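**Student:** Sequence:
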Amino acid sequence: MNRAILFVAAASLMAVASTASAGNDLIVASAKSGATAFSADAVLDGEAVGLQFRIKVVGGSDKTRFMLDNCLKSLPKTHQGTCGVSSDKSIVTGLVYSLSNAKLPAGVFPLGTVHVTSGEKVSFEVVEFLVAGDAGRPLEAAVQNALK
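Per our numbering, the sequence shown starts with residue 1, numbered consecutively.
In case anyone wonders, no lab produced these hints; they're calculated from the structure.
All values derive from a computational prediction rather than experimental measurement.
Mixed in with the good hints there might be a few duds.
With a straight-line cut-off of 27 Å between C-alpha atoms, the simulated DSSO-like cross-links for lysine-lysine are [said to hold, decoys possible]:
1. 63 <-> 73
2. 63 <-> 89
3. 73 <-> 103
4. 103 <-> 77
5. 56 <-> 73
6. 121 <-> 63
Given the sequences, and given the hints that come with them, work out the whole structure.
**Tutor:** Below, the structure is given as structure tokens:
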């Protein structure tokens, strides 16, 4: 099967799935590429103005290092955001917001990848995913956790 046809079919299925859920989903998956890493994407309904996610790093130590260069790298010009690590190096937090109350586009929104290096084996656990509409109104949000 032609790759272009496969891509169109996959995109169509994703569009149908996001329409059927009529909410906002966080999709998180782990990957191993030298360092342990997780990637996150949001599937948004078109009403979201901002979002926050918190992902716990299980099994790290004070020697754990984080590379956040690719976290929230693809924000639209209407939005700002930041990723950070808690002082005890146990939680990665991402925050996306708009000072003009602009909505994030509907569909798949890449949040990025976080690489973690540690002398210990680490795993990841989503502990929070919040989505807000205009004026900070909470929106329905769910997690599609592929970490386990």
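**Student:** Against each hint, give a clear statement of whether it holds in the structure.
**Tutor:** Against the structure, the hints:
no., hint, verdict
1, 63 <-> 73, "holds, 25 Å"
2, 63 <-> 89, "holds, 9 Å"
3, 73 <-> 103, "holds, 18 Å"
4, 103 <-> 77, "holds, 11 Å"
5, 56 <-> 73, "holds, 20 Å"
6, 121 <-> 63, "holds, 12 Å"
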